[in-house]
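**Student:** For reference, the chains in residue letters:
There are 2 protein chains.
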Amino acid sequence: MNIGEIPTPAAVVDAAALTRNLHTMAQRLPGLSLRPHVKAHKCTALAARQADLGHHAFTCATPREVVGMIEAGVGTDLLLANAVLDVDRLTRVAQAANSADVIARVAVDSSETIEAAQRAGIRDVIIDVDVGMPRCGVAPVHAGQLAETARQRGLTVSGVMGYEGHLQMVSDRKEAQERVAAAMAMLRAAHDDVGGEIVSTGGTGTHDLHQIGLEHPTGVTDVQAGSYVMVDTQYASLHQGFEQALTIVGTVIAHHENRYVTDVGLKALGMDHGDPLIGDCKVWFCSDEHTTFSSHTRTFTLGERVHIRPAHIDPTIARHEELWIVEDGEVVDRWPIDLRHW
Amino acid sequence: MNIGEIPTPAAVVDAAALTRNLHTMAQRLPGLSLRPHVKAHKCTALAARQADLGHHAFTCATPREVVGMIEAGVGTDLLLANAVLDVDRLTRVAQAANSADVIARVAVDSSETIEAAQRAGIRDVIIDVDVGMPRCGVAPVHAGQLAETARQRGLTVSGVMGYEGHLQMVSDRKEAQERVAAAMAMLRAAHDDVGGEIVSTGGTGTHDLHQIGLEHPTGVTDVQAGSYVMVDTQYASLHQGFEQALTIVGTVIAHHENRYVTDVGLKALGMDHGDPLIGDCKVWFCSDEHTTFSSHTRTFTLGERVHIRPAHIDPTIARHEELWIVEDGEVVDRWPIDLRHW
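Same order as they appear, the protein sequences are chains A and B. Numbering-wise (our numbering), the first sequence opens with residue 2 and increments by one. Numbering-wise (our numbering), the second sequence opens with residue 2 and increments by one.
If you're looking for bench data, these hints aren't it; they were derived computationally from the structure. Be careful, since some hints might not be right.
Which copy is meant is left open, because identical chains are indistinguishable; a pair holds if it fits in one copy or across any two.
[Unchecked claim] In silico lysine to any residue, SDA-like type, Cα no more than 20 Å apart, as pairs: (1) Lys-175 with Ala-190; (2) Lys-283 with Pro-135; (3) Lys-283 with Ala-121; (4) Lys-175 with Ala-17; (5) Lys-283 with His-167; (6) Lys-283 with Met-134; (7) Lys-283 with His-308; (8) Lys-175 with Ala-101; (9) Lys-175 with Ala-186.
Make a model of the complete structure from these sequences and hints.
**Tutor:** Written as structure tokens, this is what we have:
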């Protein structure tokens, strides 16, 4: 089957670009120094490729991602990097981890999340620390006290995490480095009070600022990068040496006057970072099942396939059922996006 | 099960509000004068409620929606209001329609879409006419010629459609009425050249401008409204007498300093119309699995449920697997969102 025969809209992966991205990152952050975030692709087949390259610790955003990874037999050390109060779902995480002999660590940032983890039979927790992005995460000054609460409840506290999400897109690398260093000073201070072997943080946008061998290492044990695997138009703007490996492929279904219409719309795209890109075309607007666009440089024929580059990868992939893996224009594999929903 | 026991994030429907919306519209546009658009909810159980009120003609946006409706036995006259070149999918539409004795009409706007329909065994087509929104749809002046092409290929041409999507959100009703009238004059002119019994158009935002009994009727036979069923924050701003029946329910999972975090994020919401609303709270930002917010008027406790009103209903619902139907705080039913994907 060639790329022109895939029913559209379809999430299509350039296998060669994917492989290069995976190898580039594995070289920069080998083995356990990378804790790939599966939320970026929600695909156990892709996570297995990351494990093949030596990454056996993973980050997950939902209980379903953790349970799915365990069921697929990918990863030996899984961090649920989210505040979860749903005891039923956490119980499924604990049971799956116990039966598979996998470490499932759960982030906690309150006595309530600690209680939920303990009731669910979770054994390991990590203190989620606020390092400047206003989301989950306890203030650094309270981290030690929270670790104490967790230990009193019989839980193992294996360290801290603190996602500097607000610094992922700082394009001036000197400024980024300074601000990441300041954020990591907060995380290390919390870690001094918490203890444990893990100091986990980071994302694709800051992965190079935590690298082992830097003049001023940030003291982080592992980086939770996910988007490097596929890259979107936003991450591409950072020029970090990764390629856009995923496009949403659409069919040109209409051509009237100077406009074209493709069958990729809001239901096939994550739109929170704005409109997608189609080559050097002008994207007019997206609606539920369409994107209208035009081009000054070329013409399209009806039925032709177009590659659409989403602005934000994670919520885009979560809209699709499978990844079509393509090599030299031929479909070589299909991977279910099996970790969707909650 | 009460609403506080639903695992979150969840798409929750207020059954009473839904019923009132359905009845309000059925009174305004009874029976076949409404051709409800299933793309707004993608749920055959909900479509069955619309059919119970007398609407047996439906509008669909994808082949999967048409086939799913036929398999569920809902509707007797289905319009695929989209330009489709995928002969395999159209063949499944034709086969399902033939075996169930349902009329499946397919919109066409080019000789290529006509050819695809004919090759697939589709019998009825409708000429999709551009009435001012730059998407699919042939220029009115070419509509008659296209109908002739279709008839030469042995297809029945049952009329025209022309969606005035660009006029759905014109809040000044006098201006809206004038512009809709102008758009419908274009559609009627095309219909004069095309023939056939159907002149289909419209949406929730303009449904009241096509009503039978108006001083200046637009000559439309049926209105393709969908969003009236649930309404989103955008449609609510038109004050058309429909209620927001759907909310995405989340759990408050974190509270630090003056901010709260809920477990409803980009992967549970359609974001193209902007951030969702949470009561009178200030929504700070949405990320993949979270929304951070604050309130000057009240406090929340961890574990508490919050109702989040999405800005755009259609791409929001397409992110969920089921609708939880709630009456007086109790879950009375669960409806699969079974028409998702393509």
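**Student:** Evaluate each hint against the coordinates.
**Tutor:** How the hints compare with the structure:
In the homo-oligomer, the alpha carbons of Lys-175 and Ala-190 never lie at most 20 Å apart, since the shortest distance is 23 Å inside one protomer and 63 Å across protomers. Taking identical chains as interchangeable, the C-alpha atoms of Lys-283 and Pro-135 lie at most 20 Å apart only when they sit on different chains, with a minimum of 13 Å there against 35 Å within one chain. For the homomeric pair Lys-283 and Ala-121, neither the shortest alpha-carbon distance inside one copy (51 Å) nor that between copies (33 Å) is at most 20 Å. In this assembly of identical chains, Lys-175 and Ala-17 lie within 20 Å of each other by CA distance neither inside one copy nor across copies; the values are 32 Å within and 57 Å between.
In this homomeric assembly, Lys-283 and His-167 come within 20 Å of each other (Cα to Cα) only across copies, at 19 Å, whereas the closest approach inside a single copy is 30 Å. Proximity of Lys-283 to Met-134 under the C-alpha cut-off of 20 Å is restricted to the inter-copy arrangement: shortest distance 17 Å between copies versus 34 Å within a copy. In this assembly of identical chains, the alpha carbons of Lys-283 and His-308 lie at most 20 Å apart only when taken from the same copy (14 Å versus 37 Å across copies). In this assembly of identical chains, Lys-175 and Ala-101 lie within 20 Å of each other by CA distance neither inside one copy nor across copies; the values are 44 Å within and 66 Å between.
Only within a single protomer do Lys-175 and Ala-186 lie at most 20 Å apart by alpha-carbon distance; the minimum there is 17 Å, versus 60 Å between protomers.
In this structure, the hints that do not hold are numbers 1, 3, 4, 8, in rising order.
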